[in-house]
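> As given, the protein sequences belong to chains V and A, one line each in that order.
Under the working numbering, the residues of the first sequence are numbered 1 to 274, in order.
Under the working numbering, the residues of the second sequence are numbered 1 to 274, in order.
By construction, these hints were calculated from the structure, which means they are not laboratory data.
Hints may contain errors.
One copy or two, it doesn't matter: identical chains are merged, so the pair holds either way.
Straight-line Cα separation of at most 30 Å, DSSO-like style, residue types lysine-lysine; simulated pairs [to be verified]:
| # | residue 1 | residue 2 |
| --- | --- | --- |
| 1 | Lys218 | Lys247 |
| 2 | Lys256 | Lys98 |
| 3 | Lys256 | Lys111 |
| 4 | Lys261 | Lys218 |
2 protein chains.
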Amino acid sequence: MKIAFQGEKGSYSEEAVIKRFGKEAEPVPKRTISSVFSAVEIGETDVGVVPIENSIEGSVTETYDLLLTTSLKVIGEIYLKIVHCLIGLPGSDIRMIKRVYSHPQAISQCKGYIASMGFDYISIYDTAGAVKLLKESGDMTSAAIASERAAEIYGMQILARGIEDYGRNYTRFLIIGKNSPPLAERNKTTIIFTLTHVPGSLYHALGAFALRGINLTKIESRPTRSRPWQYNFYLDFEGSIEEEHVKDALAELSTKTLFLKVLGSYPMELIEYE
Amino acid sequence: MKIAFQGEKGSYSEEAVIKRFGKEAEPVPKRTISSVFSAVEIGETDVGVVPIENSIEGSVTETYDLLLTTSLKVIGEIYLKIVHCLIGLPGSDIRMIKRVYSHPQAISQCKGYIASMGFDYISIYDTAGAVKLLKESGDMTSAAIASERAAEIYGMQILARGIEDYGRNYTRFLIIGKNSPPLAERNKTTIIFTLTHVPGSLYHALGAFALRGINLTKIESRPTRSRPWQYNFYLDFEGSIEEEHVKDALAELSTKTLFLKVLGSYPMELIEYE
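Looking at chain V on its own, in the form it has when it is part of the complex (with noise of 0.2 Å):
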């Protein structure tokens, strides 16, 4: 099976690939979140995964307007718990360190122990491609922020381990692909939708599924781009379509709404927060 992934093999993405797909699974590395889509689309995967939510920095909005044309489904959902390690060539000292390399989102998760450390940070696509692009460099005087597996697969060393400000860091990963998935006991569903711009309109919205007490596990808005303030609504529940008080819900918000897309039902991931 294979599994596009965005970044450079020892990525999150590719952590959270194997977490899910286990040893079976073939990760295709791909440089932008968008070739992931593409990837899936024109079959050269079978699926792929793609970042959507960190529980600190919040929505990767890149992944939430692929959602809105792709005619790709969401099959599933993956959590990581995200543990940043400050990553050096082998034989370096922390006490060497001026700048480190970095994914935007993993340097602003470690803002206060870069700031605390006096270090410049420089942002790179991946944070893999960070410890990768460190190596090629042999400057003992840069260190890269990723992941454990990542310095054991580039051969680095790491000078400190959870350097992330905040310890409840996760990562929620989508799963996309062509074919609807085999649905489990508990399941979610993500939508997208758009109003009329009146009063009440999202409450009126909302009300579909507040009645029948489907719980909402995140909601999401983005800009339309055809209408200045003009939103598209991402909605995640739980339930699946095949429940009929979930297609009730869908049929009423179907008269509420300018625009309704089912982007899928999937077996919902049960973690529990350390």
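Given the coordinates of chain V, work out where chain A should sit on it, guided by the hints.
Chain A in isolation, oriented as in the chain V frame:
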């Protein structure tokens, strides 16, 4: 009157300052949005102007996060139409250009144009800062993306005008200050709140507004950072805290929230879109 804004002289934020405050104003450039908040907090400037949302790219999450912890009030809003220009050194020619420098949001808004011209692109902290950098470099094969005004200020040449991919491109700015402003006939209010995670909690919270016919103009969610997947909701709505039905709505809302902060009521800017 001293007014802090983010970016260099000639940035869109400075244009917003001049649009609202005119010639009497003394705009004070700051490198980051965070330092605009600090300048007002310590009294270095009277007010600050910060971008909150763009009609194409969506919310400026850094500003949302800073609003959570500030003791300042939101005292006004400014809408600015964004028209991006391709700017080169005097005597340069569009056929010589190989790469462009600009703020990541401006690059993103001109992605189609940049791709069609085959340019490389490099991110800079500010649009006007990119023009300044280009001028200093003296590089005839590079261009910057910024406003017409930035080109004038730095004595540079406009190579193309209106290069953004979507025409209806507006940025909304907030004015932040220490004292509540005089209100107008039509006003807006901005609040932040956190809910318990039970089915229908957002629906019931929004009911406080919908059942009183109060028009919501924006809803945004940001992670609380203290508990994974718990969100702070940011709400803009029409009306001021001096109106009885708004007071009632906030009183009802406060019985349903874990946390509620009123950032302020301020005159609504009435705009007509082209």
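> Under the constraints set out in the numbered hints, which ones does this structure not fulfil?
Hints 2, 3 contradicted; others consistent.
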